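A.B. asks: Residues per chain are reported as follows:
There are 2 protein chains.
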Amino acid sequence: MELLEALRTRRSVRQWTPEPISDQQLERLVQAAASAPSAGNRQPWAFVVVREPGRIRRLRAAIPGMSGAPAAIVSICLDRRRADREPGTTEYDMALLTLGGAMQSLLLAAHTEQLGACALGSYHIPSIRSILALPEHLDPKLLIALGHSVEQPDGPTMRPLSEICFFEEVVAK
Amino acid sequence: MELLEALRTRRSVRQWTPEPISDQQLERLVQAAASAPSAGNRQPWAFVVVREPGRIRRLRAAIPGMSGAPAAIVSICLDRRRADREPGTTEYDMALLTLGGAMQSLLLAAHTEQLGACALGSYHIPSIRSILALPEHLDPKLLIALGHSVEQPDGPTMRPLSEICFFEEVVAK
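In order, the protein sequence lines correspond to chains P and W. When you line the first sequence up against the numbering used here, it's residues 1 to 173, in that order. When you line the second sequence up against the numbering used here, it's residues 1 to 173, in that order.
The following block holds chain P by itself, in its conformation from the complex (with noise of 0.2 Å):
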């Protein structure tokens, strides 16, 4: 898929079929997620991959506004080891700023493989951290929820450019 098209059709699924997704998938996902750029080049990341039933069904537990049954969920980490600076700090900013990069090409390449995905940031931390195994240097950032889709929403309305393009300098608007 050309990605100006994968960028104008990718939607938020929430909604998916018990289909499975093969490693080899869920791994060319992670490969396209690391793909992103990273400040210095420290990619800062962790990429933790859950396809066990059970085990997902830990996960949906810990993150309540999650309704449909993904087939799997990528857990985006923050690699402190890479990235060790405070929240407030430019740094750190720019560490979230690349994890942010990686996010949005692992949905752009799970939506050209046809697959539907949304990203959830709202979750029980402790117990996202206890259910993977995560030590103390990896902070789970962003889940993102995988699968076949049942659904094709329609696209959220989007701000008028004119609100938020603006060329040489701000004008009040």
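Treat each hint with caution, since some may be false.
Stated by the list, open to error - Reference excerpt, derived from the structure (chain W facing chain P, CB under 10 Å, subset only):
(1) ILE21
(2) ALA36
(3) ALA39
(4) GLN43
(5) ALA46
(6) MET94
(7) GLN104
(8) GLN114
(9) CYS118
(10) ILE131
(11) GLU163
Simulated from the structure, these hints should not be mistaken for laboratory data. These figures come from a predicted structure and were not determined experimentally. A virtual CB, placed ideally from N, CA and C, is assigned to each residue, including glycine.
Fit chain W to the given chain P structure using the hints.
C.D. replies: Coordinates of chain W only, in the frame set by chain P:
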């Protein structure tokens, strides 16, 4: 260009020809950026696009790490009216992850349009605020420098998948 090819061949480009970029092309890039997903569809962003040579020169003076002269610089700003949380909160992290998705979408779109781009996170923030006339609620979280490439840099060394990708849970390595 296919998404997977774009992911695989995109590079951070830091040297450019003097050829300008059209406003139409710049608007397409901003639209690509703004097609990234955002938590609760809040779209907590603004994009300030600079292409006047005088203003580019002033911006360059505020970015110590930049040697080349780009045809355009896009500032990706966090709109704190739409993500009004403090650093260290999950909401703030999600807003930065969202901007990171916009960043990667813009970088990939630039690449498919045969432009070279790089993201810059280190600069003198008060100067940037002043040059772009940013109002209080817009924080310049990232700059993207763009132009027609005079180089196709080698790809960076990537961490092996075995080091960054785990199935089911993290096993110490």
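A.B. asks: For every hint, state whether the structure bears it out.
C.D. replies: Here is what the structure says about each hint:
1. Because the beta carbon of ILE21/W sits about 12 Å from the nearest beta carbon in chain P, more than 10 Å, this interface hint is broken.
2. For ALA36/W, the interface hint holds, since its Cβ comes within 10 Å of a Cβ in chain P; the closest pair sits about 5 Å apart.
3. Annotation: ALA39/W was flagged as interfacial toward chain P, and the flag holds, the nearest CB pair being 6 Å apart, inside 10 Å.
4. With 10 Å as the threshold, the beta carbon of GLN43/W comes within range of chain P, its nearest partner Cβ sitting at about 5 Å, so the hint holds.
5. Nearest Cβ of chain P to the Cβ of ALA46/W: about 5 Å, under the 10 Å cut. The hint holds.
6. With a least beta-carbon distance of about 4 Å to chain P, the hint placing MET94/W at the interface is held under the 10 Å criterion.
7. For GLN104/W, the interface hint holds, since its Cβ comes within 10 Å of a Cβ in chain P; the closest pair sits about 4 Å apart.
8. For the restraint placing GLN114/W at the interface with chain P, the shortest Cβ-Cβ distance is roughly 13 Å, beyond the 10 Å limit, so the hint is violated.
9. A cut of 10 Å between beta carbons decides the hint on CYS118/W: the least distance to chain P is about 8 Å, and the hint holds.
10. At its closest, the beta carbon of ILE131/W sits 7 Å from a beta carbon of chain P; the interface hint therefore holds under the 10 Å criterion.
11. Contact between GLU163/W and chain P, as hinted, is supported at the beta carbon level, the nearest pair being about 8 Å apart and thus within 10 Å.
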